[in-house]
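*Asks:* Fit the two chains together into the complex; they arrive one by one in their own frames, and the hints show the way.
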Amino acid sequence: MSSVARFWRKIPQRYNLVGTRCATCGRYFFPPRNLCPDCRRAGKIVEHRFAGTGTVVTYTVIRTASEQFEQMTPYVLAVVQLDEGPRFTAQLVCRPEEARIGLRVRPVFRRISADGESGVIHYGTKFAPGTP
Amino acid sequence: MRDVAVIGIGCTPFGEKWGSSFRDLFVQAGTMALEDAGVAGEEIGAMYVGNMSAGRFIEQEHVGALIADYAGLATAHIPSTRVEAACASGGLSFRQAFIAVASGLEEIVVAAGVEKMTDVGTGVSVDALAGAADREWEGFVGATFPGLYAMIATDYMNRYPLTREQLAQVAVKNHYNGARNPIAQFSQEITIETVLSSSLVADPLRLFDCSPITDGAAAVVLAPLERAREYTDTPVRVLASAQASDTIALHDRRDISTLDATVAAGKRAFEMAQLSPRDIDLVEVHDCFTIAEICAIEDLGFCRKGEAGRLTEEGVTALGGDLPVNTSGGLKACGHPVGATGIKQVCEVVQQLRGEAGRRQVDGARIGMTHNVGGTGATVAVHILGV
Ligand SMILES: [Zn+2]
Numbered sequence: 019m020s021s022v023a024r025f026w027r028k029i030p031q032r033y034n035l036v037g038t039r040c041a042t043c044g045r046y047f048f049p050p051r052n053l054c055p056d057c058r059r060a061g062k063i064v065e066h067r068f069a070g071t072g073t074v075v076t077y078t079v080i081r082t083a084s085e086q087f088e089q090m091t092p093y094v095l096a097v098v099q100l101d102e103g104p105r106f107t108a109q110l111v112c113r114p115e116e117a118r119i120g121l122r123v124r125p126v127f128r129r130i131s132a133d134g135e136s137g138v139i140h141y142g143t144k145f146a147p148g149t150p
Numbered sequence: 196m197r198d199v200a201v202i203g204i205g206c207t208p209f210g211e212k213w214g215s216s217f218r219d220l221f222v223q224a225g226t227m228a229l230e231d232a233g234v235a236g237e238e239i240g241a242m243y244v245g246n247m248s249a250g251r252f253i254e255q256e257h258v259g260a261l262i263a264d265y266a267g268l269a270t271a272h273i274p275s276t277r278v279e280a281a282c283a284s285g286g287l288s289f290r291q292a293f294i295a296v297a298s299g300l301e302e303i304v305v306a307a308g309v310e311k312m313t314d315v316g317t318g319v320s321v322d323a324l325a326g327a328a329d330r331e332w333e334g335f336v337g338a339t340f341p342g343l344y345a346m347i348a349t350d351y352m353n354r355y356p357l358t359r360e361q362l363a364q365v366a367v368k369n370h371y372n373g374a375r376n377p378i379a380q381f382s383q384e385i386t387i388e389t390v391l392s393s394s395l396v397a398d399p400l401r402l403f404d405c406s407p408i409t410d411g412a413a414a415v416v417l418a419p420l421e422r423a424r425e426y427t428d429t430p431v432r433v434l435a436s437a438q439a440s441d442t443i444a445l446h447d448r449r450d451i452s453t454l455d456a457t458v459a460a461g462k463r464a465f466e467m468a469q470l471s472p473r474d475i476d477l478v479e480v481h482d483c484f485t486i487a488e489i490c491a492i493e494d495l496g497f498c499r500k501g502e503a504g505r506l507t508e509e510g511v512t513a514l515g516g517d518l519p520v521n522t523s524g525g526l527k528a529c530g531h532p533v534g535a536t537g538i539k540q541v542c543e544v545v546q547q548l549r550g551e552a553g554r555r556q557v558d559g560a561r562i563g564m565t566h567n568v569g570g571t572g573a574t575v576a577v578h579i580l581g582v
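In the order they appear, the protein sequences are chains A and B.
My numbering puts the first residue of the first sequence at 19, with every later residue one more than the last.
My numbering puts the first residue of the second sequence at 196, with every later residue one more than the last.
Derived from the structure by calculation, the hints contain no laboratory data.
Since this is a predicted model, take the numbers as computed values, not measurements.
Glycine residues also receive a C-beta, built at the ideal position from the N, C-alpha and C atoms.
Among the clues, some could well be false.
[What the hints assert, rightly or not] Over the 12 Å line for every Cβ pair with chain B, so calculated as not near, a few chain A residues:
# : residue
1 : Phe48
2 : Glu102
3 : Pro104
4 : Arg122
5 : Gly148
[Stated by the list, open to error] Pulled a few chain B residues facing chain A out of the computed Cβ check, cut under 7 Å:
#  : residue
6  : Asp314
7  : Gly318
8  : Trp332
9  : Glu333
10 : Asp350
11 : Asn353
12 : Ser393
13 : Val396
Just chain B, same shape as in the assembly (with noise of 0.2 Å):
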């Protein structure tokens, strides 16, 4: 195996947007990556796209071969595969991207995400949704994916010591992150009362809990190591790639409040980096929901179960702090674009560590980590890049 780099990145701004479709938002994040990474299309070798649901967002399946067609790449003729694991298809597909590198069987690879959701009604969007737990014997039953997840509040808060201020404050922070990032969805800062004000979702979280609705696109660019120079002067380094897998649904878990699959394969990318919690300058964890970033938090092993409330309240987790989450506002701030959320935050993490982030620059950041979820955990892709 050989050692692989990003040299390219690009994302759409994240939102309603009604005047771009499908096609506008990858092409548009495409660009920008071959732009950044000085890459000819002719070069490319081969596209992964997650994507989690075209077929129910805008009725269109077999969006791989689309996007190279509208990429201007369909007389190349070159492979270009979808990749789906609900939210977290596009942690997958940066990590098949990685694995079609590091083997040694292709060279520029482009690893892209993209979801257009606002183009069907909240029922639909809600049931499209559901699809990413168990759609037999969860959402049969009437589970929606917010109900789920509070599910897991509920189970959380009964256990440990977390307040509803606490959980509040995840929101906050990564608003204040989102009003510092040009792409985010949300440029407006909250408080802990904007929060506990808004209307009830699934009890005991509420509509600001909660990620929003969003279309949006990103695109990264990948190539060997030792090839990297001759595209950027900037490269940054894939240190480890891991995914796990668990449970379809959320009640045959071992454990309702622990995401196992985030446990192993934070273990598994820790090792395959050599590295440890301490040495991560930041990360972009999968905030679908505020209480997924407390459990994301802990089950990677930056503190122990029951802390990430007191951490995120003290500001451990916020810009400036000692380990800065979700500065690019997150899930909840920045937009979840499902299969783009993935790729966005590799994107982040990238313009983190060339010292690119502006506003929200972490200083000195040197290694950065990704955490993406499928549903309610029954997918986890979690990366670890580096300068």
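Isolated chain A, as found in the complex (with noise of 0.2 Å):
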């Protein structure tokens, strides 16, 4: 279901981690947002790469997925909070009984989905555990 301009167009985020920090309040944006909810017009939006590494806030395993996740499952899935404080959605390599909350994650560069209708195999960030 996702289109190809869609996609590509978050590519350096997804395979980077590029996301955004607002100089005025110094807070950081992962998935990117070009308007800090803070300091609004006031705010003054950076680009920034994050280092990657991370903690786990909370996880589950997805044993039904939809049709493009279907041949992965299961798979485990998790909410991030990277070193520099955003959080964000993220699947964990992993084995199911290895996820646990506060598990330390740094990023690697993994498959994501494959799209059946298009073909098109897209790529991205997951996390597995330890530090870089």
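*Replies:* Here's what the structure looks like:
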């Protein structure tokens, strides 16, 4: 369902964890935002590349997925908090029983999904236990 | 602003309705509501219809006009508006109709909700429902809708004393209630063992923690309170209407296990009605998953964070308890045709306040509440009704 253009537009962010930072208040954003919710028009948004080290906030093991992800089940899905502060959703590259709240993780480049209809394979960042 | 009353309700049976189309369903619900209100079609001033995703489920958009047309109102040229807020579409449709009447702009207004979900396969419906969350940053990486609520459950169970059995009891209670509701999708009672032995969908949630895929429609008729008795002997007054938003993605919330939009909408509703949680005789909450009912009871202010599991286990939220929750069977057992759910909740509360709920009647119910959630909590609508 994700069109090619829609995916390519986000390649720098998805491949390299490029987000943004508000120079006015210092808050970091990933997924990137172009408007700081705290400063709004007074905010000054600049690009920021995240180191990618973070901690698992919560997680689940997906057993029933949509068609694009069916072949990958079961897979671990988590909310990861980057060390700079922002939280986002990502898959963990680990066995279900390894997942736990507080687990330290590092980014790895992986295949995210295969779009059955178009045959397009999407890549992006997943997270593995440990530090780089 | 003037006072508003519900003067008629109608709801189709919920379930996998292979024989009924999208049009069949809303015409059935709308006709029932108009008959119940004793309102003629030409008296209707405006319509609102809650619908999440006819585009994905039946490849039909522009359903506001479609509904007015098949309700036989095309030649009356009344304004008919589709309202979309994922699973909260129905609650917002009701709120829009309330505002139209309360403002004095309209007299008789229909608020409806409809979803026809079973014409597509499970993969497509799972994907369509994932659109209720952040498609770009949740759905893209493989987050399913049950998966997001499962992450709420993981966080909640790590921080508060909720046992897997207490969570299962939510589904057991709602199936008990659903077995006493003739329109419910599931009419069989279940046990904790039924839940715990069902297959894992997204840990720790199992199949029986999840609401089903459902076809159905519901409609209600609203009128100014001062005119309500022209139509019915049992008008039900709308005491409060509140709505709140939050971040679209779960990961951006202040607290994973608290739906701040529920907290905000609940507070606003109690303020508007000048009531407190103690005044509520029954509440229909948005139990798309068992963990969602636990969070809702707490976030609406009925108890402190971390207590809802124990209250559920002790039967406080059961029929006959101090605060019956989801007497209709909830989304879990009554079914969850997403756009219709918020309107069905109003139908249930109206039935209860009229004393027409049969085997699931809450004795002496005078004030009821509805709580309808879009996505994982990005939109919440709360209404309080009373007689
Ligand atoms: Zn800022």
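*Asks:* Does each hint hold? Answer for all of them.
*Replies:* Hints versus structure:
1. Phe48: Nearest chain B Cβ is 9 Å from A/Phe48, so the label is violated.
2. Glu102: holds (14 Å)
3. Pro104: Since the minimum Cβ distance to chain B is about 8 Å, A/Pro104 lies within 12 Å and the statement is violated.
4. Arg122: holds (17 Å)
5. Gly148: holds (20 Å)
6. Asp314: violated (16 Å)
7. Gly318: Result: holds, 4 Å to nearest chain A Cβ.
8. Trp332: holds (5 Å)
9. Glu333: Holds, because the Cβ-Cβ distance from B/Glu333 to chain A comes to roughly 5 Å (cut-off 7 Å).
10. Asp350: holds (4 Å)
11. Asn353: holds (5 Å)
12. Ser393: The hint is violated - B/Ser393 has no Cβ within 7 Å of chain A, the shortest such distance being about 11 Å.
13. Val396: holds (5 Å)
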